[in-house]
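Residue numbers (the numbering used here), protein chains in the order written: chain G, 107 to 233; chain S, 540 to 701.
Bear in mind the hints are in silico, worked out from the structure with no lab data behind them.
By construction, the Cβ of each residue, glycine as well, lies at the ideal position given by its N, Cα and C atoms.
Heads up, some of the hints might be wrong.
Here are some chain G residues pointing at chain S (derived, C-beta under 7 Å) [to be verified]:
#: 1; residue: K112
#: 2; residue: K113
#: 3; residue: V114
#: 4; residue: S116
#: 5; residue: I130
#: 6; residue: M131
#: 7; residue: I133
#: 8; residue: G205
#: 9; residue: I209
#: 10; residue: R214
Straight-line Cα separation of at most 25 Å, DSS-like style, residue types lysine-lysine; simulated pairs [as the list claims (entries may be wrong)]:
#: 11; chain 1: S; residue 1: K635; chain 2: G; residue 2: K115
#: 12; chain 1: G; residue 1: K193; chain 2: S; residue 2: K665
#: 13; chain 1: G; residue 1: K112; chain 2: S; residue 2: K593
#: 14; chain 1: S; residue 1: K543; chain 2: S; residue 2: K696
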Amino acid sequence: MKEKNKKVKSYALLVGVVLLALLIMLINRVNSRNGELVVVSVDGEVVKELAIDVDDEFEVTGFDGGKNKVVVMDGVCYVNEADCPDKLCIKQGKISKIGESIICLPHRVVVTIKGSEEKGELDSMSK
Amino acid sequence: MKTKKLALLGLLLAYAMILSYIESLIPFFGGVPGMKLGLPNMAIVYLIYSYGNKEGAVVNLLRIVLTGFLFGSMFGILFSIAGAVISFIVMCVVKKTDIFDVRGVSICGGVAHNIGQLLIAAFVVKTSGIIYYLPLLLISGALCGFLNGLIADYMLKYSKIL
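Using the sequences and the accompanying hints, generate a full structural model.
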């Protein structure tokens with residue numbers, strides 16, 4: 107009986123975790139807004155900011171000299187070229203909502219979408 | 540008895556290493572950093588249930604270092620050691636509390652592994668934006684952990700000779 111009890115609890119744990127994750131996803135989805143700024147950073151330092159509504163390309167030089175090409179087109183942002191071994195940054199696809207990001211771990215490159223209000227904050231910090 | 544144990548631990552180490560290799564061949568969907576099937580964990584879960592935490596820890600560590608040198612990079616080794624250590628500690632603690640069976644312990648291990656790797660990744664790239672992937676990692680960790688636990692449970696059931 108005790109073993110069976112533990113089994114039931116294990117299944118409950120599985121369902122619980124999945125439901126919790128779905129809930130977080132739902133909250134994220136509801137709160138998500140289209141971003142206005144693409145912020146590219148290497149090893150925690152902001153190297154470039156691009157407006158998301160202006161088509162543009164930017165080649166990032168990563169932490170170890172590796173390269174990633176960030177493309178902004180039609181209001182979305184993605185990485186289309188990289189010389190890292192796993193190419194996970196390319197597979198992460200297109201982003202456009204605030205808080206979404208593309209991460210290239212080997213090059214320590216992070217591309218994040220931000221809203222316009224956060225731009226002022228960044229500017230005042232860099233001054 | 541001692542020789543038998545030695546042989547079996549070696550066998551399980553080989554099993555875990557092969558699972559690591561198979562895992563490295565399967566690209567996981569979405570390209571989310573840190574997301575993994577965690578197949579070798581079924582051998583580790585099996586070990587901590589059939590022998591104990593100490594044996595599990597030794598085999599786990601050897602598995603990571605050996606597969607890292609064979610198929611991966613130094614960066615990969617450090618990355619997976621971090622995930623594996625967090626996952627292992629969590630599994631030992633959860634097993635000790637005696638709330639869940641093999642499946643539950645394995646789920647906790649899977650989730651802890653993914654969250655651990657996410658935190659390490661957040662630390663490496665110095666951004667908290669990576670937390671965006673948390674729900675996906677929770678789901679994949681729980682599901683994969685559950686499946687691994689299921690297999691480990693069958694392994695325990697049908698390997699009474701050990």
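Margin query: Which constraints among the numbered hints does this structure fail? Numbers only, ascending.
Written below: 3, 7
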